[in-house]
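J.: The listed protein sequences correspond, in order, to chains A and B.
For the first sequence, the positions run 149 to 582 when this note's numbering is used.
For the second sequence, the positions run 149 to 582 when this note's numbering is used.
Bear in mind the hints are in silico, worked out from the structure with no lab data behind them.
This structure is a prediction, so every number in the text was calculated from the model and none was measured.
Check before you lean on any hint, since a few could be wrong.
[Unchecked claim] List of simulated lysine to any residue pairs, SDA-like, C-alpha gap at most 25 Å:
#	chain 1	residue 1	chain 2	residue 2
1	A	Lys569	A	Leu401
2	A	Lys451	B	Gln550
3	B	Lys351	A	Leu255
4	B	Lys351	B	Ala285
5	A	Lys264	B	Lys264
6	B	Lys264	A	Ala369
7	A	Lys264	B	Lys351
8	B	Lys451	B	Asp463
[Claimed, not checked] Now the stretches of chain A that chain B is said to cover, found in silico as 3 or more residues with beta-carbon under 8 Å:
#	segment
9	169 to 175
10	295 to 305
11	445 to 452
12	470 to 478
13	484 to 493
14	526 to 536
All residues carry an ideal CB built from backbone N, CA and C; glycine is no exception.
Protein chains: 2
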Amino acid sequence: MNKTTHSPRFELLTIGDELLLGLTANGHLTFIGAELGARGVQLHRNITITDDAEDIADQFRESWSRSDVVLVTGGLGPTCDDRTREAVAVVLGQKLLFDPRIEQHILERFALFGRKMTTNNLKQAYRFERGEVLANANGTAPGLWVEQDGKVLCMMPGPPNELRPMFTEQVLPRLAKLGLVLETEAYVQLRTAGIGESMLETKLQPIFDRVGSNLGIAFCAHSGHVDCRLSSPGGQMSLAELGAVADECARLLGDDFVTLGGDSLAKVCADLLRSQEKRLAVAETATGGLLSNAFTDICGASKFFSGGCVCYSNDSKMQLLDVPECLLLQHGAVSAESAVAMATGAAEKLGADYALAITGFAGPCGGTNENPVGTIFVALHAPHGVWSRKLSYPGPRTTVKQRAVNAALDWLRRELVRASKGAAMPQNHQNVMQ
Amino acid sequence: MNKTTHSPRFELLTIGDELLLGLTANGHLTFIGAELGARGVQLHRNITITDDAEDIADQFRESWSRSDVVLVTGGLGPTCDDRTREAVAVVLGQKLLFDPRIEQHILERFALFGRKMTTNNLKQAYRFERGEVLANANGTAPGLWVEQDGKVLCMMPGPPNELRPMFTEQVLPRLAKLGLVLETEAYVQLRTAGIGESMLETKLQPIFDRVGSNLGIAFCAHSGHVDCRLSSPGGQMSLAELGAVADECARLLGDDFVTLGGDSLAKVCADLLRSQEKRLAVAETATGGLLSNAFTDICGASKFFSGGCVCYSNDSKMQLLDVPECLLLQHGAVSAESAVAMATGAAEKLGADYALAITGFAGPCGGTNENPVGTIFVALHAPHGVWSRKLSYPGPRTTVKQRAVNAALDWLRRELVRASKGAAMPQNHQNVMQ
Numbered sequence: 149m150n151k152t153t154h155s156p157r158f159e160l161l162t163i164g165d166e167l168l169l170g171l172t173a174n175g176h177l178t179f180i181g182a183e184l185g186a187r188g189v190q191l192h193r194n195i196t197i198t199d200d201a202e203d204i205a206d207q208f209r210e211s212w213s214r215s216d217v218v219l220v221t222g223g224l225g226p227t228c229d230d231r232t233r234e235a236v237a238v239v240l241g242q243k244l245l246f247d248p249r250i251e252q253h254i255l256e257r258f259a260l261f262g263r264k265m266t267t268n269n270l271k272q273a274y275r276f277e278r279g280e281v282l283a284n285a286n287g288t289a290p291g292l293w294v295e296q297d298g299k300v301l302c303m304m305p306g307p308p309n310e311l312r313p314m315f316t317e318q319v320l321p322r323l324a325k326l327g328l329v330l331e332t333e334a335y336v337q338l339r340t341a342g343i344g345e346s347m348l349e350t351k352l353q354p355i356f357d358r359v360g361s362n363l364g365i366a367f368c369a370h371s372g373h374v375d376c377r378l379s380s381p382g383g384q385m386s387l388a389e390l391g392a393v394a395d396e397c398a399r400l401l402g403d404d405f406v407t408l409g410g411d412s413l414a415k416v417c418a419d420l421l422r423s424q425e426k427r428l429a430v431a432e433t434a435t436g437g438l439l440s441n442a443f444t445d446i447c448g449a450s451k452f453f454s455g456g457c458v459c460y461s462n463d464s465k466m467q468l469l470d471v472p473e474c475l476l477l478q479h480g481a482v483s484a485e486s487a488v489a490m491a492t493g494a495a496e497k498l499g500a501d502y503a504l505a506i507t508g509f510a511g512p513c514g515g516t517n518e519n520p521v522g523t524i525f526v527a528l529h530a531p532h533g534v535w536s537r538k539l540s541y542p543g544p545r546t547t548v549k550q551r552a553v554n555a556a557l558d559w560l561r562r563e564l565v566r567a568s569k570g571a572a573m574p575q576n577h578q579n580v581m582q
Numbered sequence: 149m150n151k152t153t154h155s156p157r158f159e160l161l162t163i164g165d166e167l168l169l170g171l172t173a174n175g176h177l178t179f180i181g182a183e184l185g186a187r188g189v190q191l192h193r194n195i196t197i198t199d200d201a202e203d204i205a206d207q208f209r210e211s212w213s214r215s216d217v218v219l220v221t222g223g224l225g226p227t228c229d230d231r232t233r234e235a236v237a238v239v240l241g242q243k244l245l246f247d248p249r250i251e252q253h254i255l256e257r258f259a260l261f262g263r264k265m266t267t268n269n270l271k272q273a274y275r276f277e278r279g280e281v282l283a284n285a286n287g288t289a290p291g292l293w294v295e296q297d298g299k300v301l302c303m304m305p306g307p308p309n310e311l312r313p314m315f316t317e318q319v320l321p322r323l324a325k326l327g328l329v330l331e332t333e334a335y336v337q338l339r340t341a342g343i344g345e346s347m348l349e350t351k352l353q354p355i356f357d358r359v360g361s362n363l364g365i366a367f368c369a370h371s372g373h374v375d376c377r378l379s380s381p382g383g384q385m386s387l388a389e390l391g392a393v394a395d396e397c398a399r400l401l402g403d404d405f406v407t408l409g410g411d412s413l414a415k416v417c418a419d420l421l422r423s424q425e426k427r428l429a430v431a432e433t434a435t436g437g438l439l440s441n442a443f444t445d446i447c448g449a450s451k452f453f454s455g456g457c458v459c460y461s462n463d464s465k466m467q468l469l470d471v472p473e474c475l476l477l478q479h480g481a482v483s484a485e486s487a488v489a490m491a492t493g494a495a496e497k498l499g500a501d502y503a504l505a506i507t508g509f510a511g512p513c514g515g516t517n518e519n520p521v522g523t524i525f526v527a528l529h530a531p532h533g534v535w536s537r538k539l540s541y542p543g544p545r546t547t548v549k550q551r552a553v554n555a556a557l558d559w560l561r562r563e564l565v566r567a568s569k570g571a572a573m574p575q576n577h578q579n580v581m582q
């Protein structure tokens, strides 16, 4: 049974006025939550507090008293609003020691980048007297590790490119060695598209009812896809048993089931394209590069992705994609006809088998009576034909863009799945609302 | 003096296993934190907890006891893991009432989208017996508002496109009416680029020292730019006085100062382009659409943005941008020469005055001995010439992409600022490391 013998309680303290002021997103919660979740531990709580030393001390005292592991991020940097180290030392009853090895590391780091070290950086050279130092290969502030009173405290620097490798390479192995996290994944995630959260639950409920209360279920809706995570909070179900439940759910959902795990829609499309040895091109107006970016976030994208055009003017549609001027003048740039011409133009210009095109009004400005803000035309060019769909999304610009991209990706995914089964695309694809 | 008479204590409870499992980012903290910050209130604490009813009740009881305003997000949806409403009602000592008007709204919403309502949606039709309902124009779950014991509780639905308009249009005005937030902005933010956090503090410290301890200072580093927010926590400094300090800082920083406020680097470039009546085009490989997307996130981008090409193959560079094949063969696609050819090709093909090109190895695969993973070439085409720079970034693929985009944007910004002053670009732009 992949289960730790007790359920250790993890709390994450994320420190920084910049988080509470909304200057920066709390990516640490997302990252650490996912990493721990994959190791069989659900974070019990995440508390974000200010840089105020008294608040830090109060909150750390409270979290330390009720938890087995306290993870702290931020507040280790050189600038004046970083007071974490000192506040925590008081609660632990430990002194801070100046560590010349850390100083040396800081000096070397500044030399590497040819920058002059300012003296405020030396604040980062202090560690707890009864604690260890976690090396930071990507920054100046080291991580700090303390085992005391049968508990673990781990303090990590705030910049994500410093924290993430430190957490994966040093913190997780240390936690695993202490039996506080598992070595292997301990949940199964179903990713779906084209089905709403409540409908998804209603469809799957009969399966969940049959399996019974040992099954933990969590839904999470994104812009255009919904995840359902199956776990066994009490540890009574093995990973294989969870997998069997997930397989049953997937069969029931048919083409609305995307994948097991966390692969993006673009990644699923990429795998299908590569296995079928097909290439893809894209052309965008309204989504302005976001569709291309979804594919180029995938390492090795050049193996299946020929390229994309962001055509923000009629001229660029004619120049880059050979869209006929008369078509743009007659139907307008935001039309089914233009979307189809863009898709075929992208496929031909870039030598691709498949092409997606998106044109529309992402808002808040623009739009016409016939095609108000939120109107999006998506076209799919495939080896056996080209189709378009008219979609309509409410919401702010970035939401409209993201939903349009996800709709396009999901359409391509369904078509590639169909092609992989050797089935032809149905004829009535035009004007399907999603 | 723009200052509430007392400093009300705000806590934000974000509820959802999906947050603690890292399935979704805690965008509510970012959004609500920024909105409150702009109204003179710094969130005192944000606590993210599981969907577990007992945890919700415990945490709500604690937050309610020590706060003036408790904002709760999530846990109002239709699916089985939403137990927030019930848990909070117990602590408030209130009953939940079924409200037929909410039921009617839910039914209308489903009818609008032509979907069938599943019965689990009716959970959302309950409200507190002594409380009000906040209409939700973008979803089924209404917000809930309670004034009790001299405190405010406001519960909002989790989906951002439902929460955000509800917060801006209904919650903030109600809070302002009660004197709990200000009507006007109460801080000044300096956005900088091309200068590290510690160097920035060191440079500005003499100004901060002179102004004294009434000044609140918070730094926040992003990928390639650093924000410094000036506020007056005790309310002793007016907005005009803060603005004067910010102006002095801006003068000291010279071209490293980007803007006052929160405009993105792309938005600052866009404003400069529009005021100079110039047009921009971009060409990308490694950043794969992210650079285009930075510009097309701006409403009305077509006024200055001609378009972009994502050229993931040598063929596409030749086809779309007329990059000579012999150049690609001699120097490789990742080279200063190719970057320059891409920039000029984009400017010419898309009829633009300025063009940015980015080519490189974002990793983790790819790279050569000469140009390992993380190597990026940026080229800038301007009316009076074209230049390239070689940059090198450590870190994961998405970080490399974001840093490359920010470096390109900052270079364009500096050049546009220089052009607006009528000054020529210095000659030694090549191979500057940032």
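J.: If a hint holds in the structure, say so; if it does not, say that too.
T.: Checked hints:
Taking the CA atoms of lysine 569 of chain A and leucine 401 of chain A, the gap is about 17 Å. The hint holds against a cut of 25 Å. A C-alpha spacing of about 22 Å is found between lysine 451 of chain A and glutamine 550 of chain B, which places the hinted pair at or below 25 Å, so the restraint holds. Annotation: proposed proximity of lysine 351 of chain B to leucine 255 of chain A holds, straight-line Cα distance about 19 Å (limit 25 Å). With a CA separation close to 48 Å, the supplied pair lysine 351 of chain B and alanine 285 of chain B exceeds the 25 Å bound.
Straight-line distance between C-alpha atoms of lysine 264 of chain A and lysine 264 of chain B comes to about 64 Å, which puts the hinted pair past the 25 Å bound. Simply put, lysine 264 of chain B and alanine 369 of chain A have alpha-carbon atoms about 18 Å apart, close enough for the 25 Å limit, and the pair holds. This hinted pair checks out: lysine 264 of chain A and lysine 351 of chain B have alpha carbons roughly 13 Å apart, not beyond 25 Å. With a C-alpha separation of about 30 Å, the suggested pair lysine 451 of chain B and aspartate 463 of chain B falls outside the 25 Å cut-off, and the hint is violated.
Here the segment 169 to 175 of chain A counts 7 residues with a CB under 8 Å from a CB of chain B, which clears the bar of 3, and the coverage holds. With 0 residues having a Cβ less than 8 Å from any Cβ of chain B, the segment 295 to 305 of chain A misses the three-residue criterion, and the hint is violated. Only residues whose beta carbon comes within less than 8 Å of a beta carbon in chain B count, and the segment 445 to 452 of chain A has 5; three or more means the coverage holds. Only when three residues or more bring their CB closer than 8 Å to a CB of chain B does the claim for the segment 470 to 478 of chain A stand; here the count is 0, and the claim is violated.
Look at the segment 484 to 493 of chain A against chain B: 0 of its residues bring a Cβ nearer than 8 Å to a Cβ of that chain, fewer than three, so the hint is violated. Residues of the segment 526 to 536 of chain A lying with their CB closer than 8 Å to a CB of chain B number 0, which falls below the three-residue condition for coverage.
In summary, the structure is inconsistent with hints 4, 5, 8, 10, 12, 13, 14 from the numbered list given earlier, while agreeing with the others.
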